[in-house]
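Asks: Work out the full structure, taking the sequences as your base and the hints as a guide.
Protein chains in written order, with the working numbering: chain G, 1 to 305; chain L, 1 to 236; chain W, 1 to 347.
The reader is advised that the hints may include incorrect statements.
[What the hints assert, rightly or not] Mimicking EDC-like on lysine to aspartate or glutamate, the simulated pairs with C-alpha atoms at most 16 Å apart in a straight line are: (1) L:Lys215 with L:Asp226; (2) W:Lys274 with W:Glu324; (3) W:Lys321 with G:Glu82; (4) L:Lys63 with L:Asp28; (5) L:Lys172 with L:Glu201; (6) L:Lys132 with G:Glu176; (7) L:Lys7 with L:Glu65; (8) L:Lys176 with L:Glu222; (9) L:Lys74 with G:Glu86; (10) W:Lys322 with G:Glu182; (11) W:Lys321 with G:Glu86; (12) W:Lys74 with W:Asp251.
No lab work stands behind these hints, which were simulated from the structure alone.
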Amino acid sequence: MLDLLVGALVYSNLLALMAVGLSLALITCRVSNFAHGDFAMVGVYAAYTLSVVAGLTPYAWIPAAFAFGGLVSLLAYLLVFEPLRERTDLVTLMVVSMALDMVLRYSLHVYADLMQQWLRVYTRLFMFDDFLVEAAGSRLPGVLPASTAVVAALLASLYVLLYKTRVGVAMRAAIENPGLAEALGVSVERVFALSWFLSGALAATAGVFLPFRIMVSPDTGWSMLLPTFAAVTVGGIGSLGGSVLGAYLIGFSETVLAYQLAQVGISTAYRPLLTFAAIIATLLVYPRGLSGLWSGKGWSLRRRS
Amino acid sequence: MRVLEVKGLRAGYGQMEIVSNVTFDVGDREVVAVVGPNGSGKSTLLKAVFGLCRVFSGAVLFKGEDVTRLPPHKRSRLGMAYLPQTGNVFESLTVRENLMLAAHDLGEEEVGKRLEGVLSLFPELGGLMRRKVRTLSGGERQIVALSMSLLRNPSLVMLDEPTAALAPRLVKQALKRVVELRDEAGVSIVLVEQNALSALEVSDKALLMVSGTVKFWGSSRELLEDRELAKTYLGL
Amino acid sequence: MVATSEVLAFAVSLGTLYSIYVILSSSMELVYGELGLPDFAKAAFFAVGAFAAGALSVRLGAALAGIAWEGEFKLRSYYYATLVSAKVAENPLMGLVIFAVPLLVAVPCAVLLGVLASYPALRLREDYLAITLIAFSEIVRVVARNYEPLVGGTFGAGVVDVFAWLRSPWRELAMMLTSALFAFGAWLLLYRLSRSPFGRVLRAVRDDEVAAAAYGVDVARVRAWAMALGSGMAAVAGVLYAFYIGSVNPDDFTVSRTFLVVLMVTVGGRGNPKSPPLGAAVYLALDRALLFAKRFLPVPFDVNYVAYAALGVLLILFVMKKPEGLAPERPLLTVDAEATEGVTSRT
Chain G
1 MLDLLVGALV
11 YSNLLALMAV
21 GLSLALITCR
31 VSNFAHGDFA
41 MVGVYAAYTL
51 SVVAGLTPYA
61 WIPAAFAFGG
71 LVSLLAYLLV
81 FEPLRERTDL
91 VTLMVVSMAL
101 DMVLRYSLHV
111 YADLMQQWLR
121 VYTRLFMFDD
131 FLVEAAGSRL
141 PGVLPASTAV
151 VAALLASLYV
161 LLYKTRVGVA
171 MRAAIENPGL
181 AEALGVSVER
191 VFALSWFLSG
201 ALAATAGVFL
211 PFRIMVSPDT
221 GWSMLLPTFA
231 AVTVGGIGSL
241 GGSVLGAYLI
251 GFSETVLAYQ
261 LAQVGISTAY
271 RPLLTFAAII
281 ATLLVYPRGL
291 SGLWSGKGWS
301 LRRRS
Chain L
1 MRVLEVKGLR
11 AGYGQMEIVS
21 NVTFDVGDRE
31 VVAVVGPNGS
41 GKSTLLKAVF
51 GLCRVFSGAV
61 LFKGEDVTRL
71 PPHKRSRLGM
81 AYLPQTGNVF
91 ESLTVRENLM
101 LAAHDLGEEE
111 VGKRLEGVLS
121 LFPELGGLMR
131 RKVRTLSGGE
141 RQIVALSMSL
151 LRNPSLVMLD
161 EPTAALAPRL
171 VKQALKRVVE
181 LRDEAGVSIV
191 LVEQNALSAL
201 EVSDKALLMV
211 SGTVKFWGSS
221 RELLEDRELA
231 KTYLGL
Chain W
1 MVATSEVLAF
11 AVSLGTLYSI
21 YVILSSSMEL
31 VYGELGLPDF
41 AKAAFFAVGA
51 FAAGALSVRL
61 GAALAGIAWE
71 GEFKLRSYYY
81 ATLVSAKVAE
91 NPLMGLVIFA
101 VPLLVAVPCA
111 VLLGVLASYP
121 ALRLREDYLA
131 ITLIAFSEIV
141 RVVARNYEPL
151 VGGTFGAGVV
161 DVFAWLRSPW
171 RELAMMLTSA
181 LFAFGAWLLL
191 YRLSRSPFGR
201 VLRAVRDDEV
211 AAAAYGVDVA
221 RVRAWAMALG
231 SGMAAVAGVL
241 YAFYIGSVNP
251 DDFTVSRTFL
261 VVLMVTVGGR
271 GNPKSPPLGA
281 AVYLALDRAL
291 LFAKRFLPVP
301 FDVNYVAYAA
311 LGVLLILFVM
321 KKPEGLAPER
331 PLLTVDAEAT
341 EGVTSRT
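Replies: Now the structure itself:
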């Protein structure tokens with residue numbers, strides 16, 4: 001039972017970071033970024049490489065992963081999404097992000113092959129060694145307090161950035177009405193660049209925690225993608241707070257459901273079905289998502305926005 | 001030196017020419033009203049002056065400098081302000097945040113000074129600071145939008161139908177405020193208005209546009225007294 | 001020195017695969033290029049055809065040949081596939097039946113599913129529709145992967161060799177000719193539809209749904225028809241694919257497959273019926289070229305990876321530099337140019 005809770009919480013923590021990251025890409029460029037999961041993998045391999053080459057546990061390399069993931073995402077924005085932002089339609093942007101996913105994912109595969117040869121470590125289906133913490137009368141895996149602390153710190157920082165700083169206000173303004181922001185002298189491109197940096201950085205940070213719980217390969221990012229989309233959708237597209245809430249909802253229900261299925265003898269491979277069903281159900285039945293409950297304005301999912 | 005000079009401007013969207021050969025100018029502390037029937041290109045004229053649509057030929061001079069090819073945010077920094085009819089405030093932000101944004105490239109004390117100036121013009125803003133703009137009425141929003149422009153200490157403010165969202169009895173009041181603006185903030189104003197009569201009563205000069213061309217350019221009084229034009233194009 | 005028979009075999013095999021991809025991209029062109037509906041569940045409709053062949057061919061064959069079935073499907077399907085193929089070698093008619101039945105089952109199923117999938121389009125913005133369809137496509141795959149009696153789960157299912165009554169190389173040639181025939185039929189259907197009033201209606205809905213409705217177009221019905229046709233075509237491709245490969249594996253029908261078809265249509269050019277053959281050719285050429293290069297470039301990593309990454313780059317480049325594709329859409333001229341000239345010169 002305790003293990004179930006631990007698993008659910010850690011998973012939800014990761015999803016929260018991923019979901020907020022995906023949301024940032026979505027609300028700035030309106031692109032459902034299919035390459036988002038790969039930013040997480042960039043973080044993993046960055047932390048892994050550094051911890052093998054320079055020593056120290058991967059936890060210590062989280063800031064490096066943050067920076068790396070941010071950089072890759074920033075490049076994706078500057079080279080691909082910003083030039084296309086106003087020139088093409090939403091579906092094409094999505095298709096482009098799928099293409100980007102191909103490029104990133106398979107580049108990671110190549111890197112994994114090379115890293116395995118040069119550093120002589122397993123670079124597929126590997127896990128990180130965790131430390132144990134004594135608490136609540138039992139021994140808990142270190143990833144639990146570590147991920148919770150980091151997620152809390154990052155989300156709090158993001159809140160401060162968005163609501164208490166000038167840059168944050170400029171970001172929110174540019175997201176709502178880029179034309180007007182531009183007219184007032186705000187460089188929308190610079191502000192969006194910051195959002196994209198954060199998007200990738202958050203995903204990369206989430207990625208570092210993954211190998212402490214499951215076996216990781218370059219394709220793991222893709223499998224994190226659908227739950228991330230579900231979290232953003234259920235939480236209410238366009239709402240960062242909603243994404244966080246959605247992440248915990250999806251994270252917990254998925255974990256609990258998988259457990260129940262196992263009890264009944266149904267293969268846990270059916271677990272993704274919950275995610276897919278959640279996405280479809282939300283979009284067709286109550287598209288505003290959770291955030292529709294507290295904010296009057298809903299993100300436009302209907303045609304002719 | 002005139003604050004704004006527009007010479008032989010031809011502008012539009014894509015391949016379509018909407019504004020044809022328009023020439024006018026605005027002096028220091030002058031209010032120029034742009035009137036005319038629907039679809040005559042009045043809004044497009046303002047956009048062209050600000051740099052938001054395609055200019056085919058002609059020139060726009062701002063305080064003597066040729067700004068015809070300059071991007072909008074640079075014109076904004078030179079002292080030109082443009083207030084579109086809609087989308088002129090950030091609805092999801094509070095009034096305070098909107099104003100903060102308008103002053104984003106200013107130093108702390110400068111912001112304080114200008115804010116004081118704006119509040120003396122529009123005292124009601126004080127009580128609205130923490131409200132999200134989407135909860136405000138049409139008139140209140142226009143005041144926020146205008147304040148945002150004024151915070152940037154413009155020399156020229158171009159207003160596109162500022163009274164459009166207002167209840168009729170508020171229109172006269174609003175336009176009076178516009179004149180106050182000219183007197184107290186020392187700005188020149190270009191005002192596009194559907195309410196031709198009210199606009200002509202408060203303005204110094206008038207530009208009558210019909211189907212993209214200028215049918216009258218001169219003092220507002222003259223236009224009001226010209227029975228023919230006033231009746232044909234303005235329904236007066 | 002490469003033997004001529006090897007080259008021939010390669011060409012025939014490539015020809016079959018090309019035909020299958022032409023059918024798939026024609027189906028995508030119809031729904032996404034002409035109608036503008038992002039059919040990201042294409043892999044699922046493709047799968048319906050393949051799964052029908054996988055689930056039915058061996059079972060049907062065994063029943064027709066009077067072979068008694070022992071053991072679990074997932075473990076024995078390949079074994080029985082071989083047995084049934086031996087029987088088909090003696091009886092071409094059986095081969096025909098085993099080929100036809102999955103077609104007759106898969107197409108109506110796919111059509112039904114396609115019509116169903118057209119309804120969310122009424123309520124969702126395009127990119128969310130695409131995500132919904134992807135989710136649906138993955139559900140189909142996950143179910144097939146885990147419900148073993150269907151196509152053997154992760155073991156996959158063996159498929160009967162319906163041309164076993166011919167000797168090589170005639171066998172492969174027959175497969176290719178059959179596929180080519182279907183491909184030509186599918187493409188011709190696309191071409192005729194595109195130039196017909198129905199094609200104009202599709203493009204009208206794509207360009208401005210509200211205006212089309214204002215002119216009396218029943219948008220929902222148009223979508224349903226287009227999806228029905230597109231899905232049916234994809235299912236046919238799926239059946240051919242299963243018989244060509246000789247087996248069916250659920251993991252072959254992922255979103256990546258859909259992405260490849262979208263790539264073909266984007267590179268080929270949306271809105272022009274010439275694009276499916278072009279796009280499919282470009283993709284296959286690139287794919288084979290990269291595999292070929294593998295032999296000559298000793299690199300310390302799997303060249304397949306580079307192939308996929310390169311395809312990704314290709315798509316991005318096309319969207320950025322040549323979004324109209326290799327065969328751009330041309331406005332359809334309905335009235336003779338000379339006739340209009342006479343009129344305009346008089347005005």
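Asks: Next step is simple, just say for each hint if it's right about the structure.
Replies: Each hint, compared with the structure:
1. Note on Lys215 (chain L) and Asp226 (chain L): the hinted pairing holds, with a Cα-Cα distance of about 12 Å set against a maximum of 16 Å.
2. Under the criterion of a C-alpha separation no larger than 16 Å, the hint pairing Lys274 (chain W) with Glu324 (chain W) is consistent with the structure, at around 13 Å.
3. Our distance criterion of 16 Å between C-alpha atoms is met by Lys321 (chain W) and Glu82 (chain G), whose separation comes to about 14 Å.
4. Among the hinted pairs, Lys63 (chain L) with Asp28 (chain L) is consistent with the structure: their alpha-carbon atoms are about 10 Å apart, no more than 16 Å.
5. Among the hinted pairs, Lys172 (chain L) with Glu201 (chain L) is consistent with the structure: their alpha-carbon atoms are about 10 Å apart, no more than 16 Å.
6. Restraint check for Lys132 (chain L) and Glu176 (chain G): satisfied, since their Cα atoms lie roughly 13 Å apart, inside the 16 Å limit.
7. With a C-alpha separation of about 13 Å, the suggested pairing of Lys7 (chain L) with Glu65 (chain L) holds against the 16 Å cut-off.
8. Only pairs whose Cα atoms come within 16 Å are accepted, and Lys176 (chain L) paired with Glu222 (chain L) is rejected, the gap being roughly 20 Å.
9. Distance check on the hinted pair: Lys74 (chain L) and Glu86 (chain G) sit about 21 Å apart at the alpha-carbon level, beyond 16 Å; violated.
10. At roughly 29 Å between alpha-carbon atoms, Lys322 (chain W) and Glu182 (chain G) are farther apart than 16 Å, so this suggested pair is violated.
11. Under the criterion of a C-alpha separation no larger than 16 Å, the hint pairing Lys321 (chain W) with Glu86 (chain G) is consistent with the structure, at around 15 Å.
12. A threshold of 16 Å between alpha carbons decides the hint, and for Lys74 (chain W) with Asp251 (chain W) the separation of about 15 Å falls inside it, so the pair holds.
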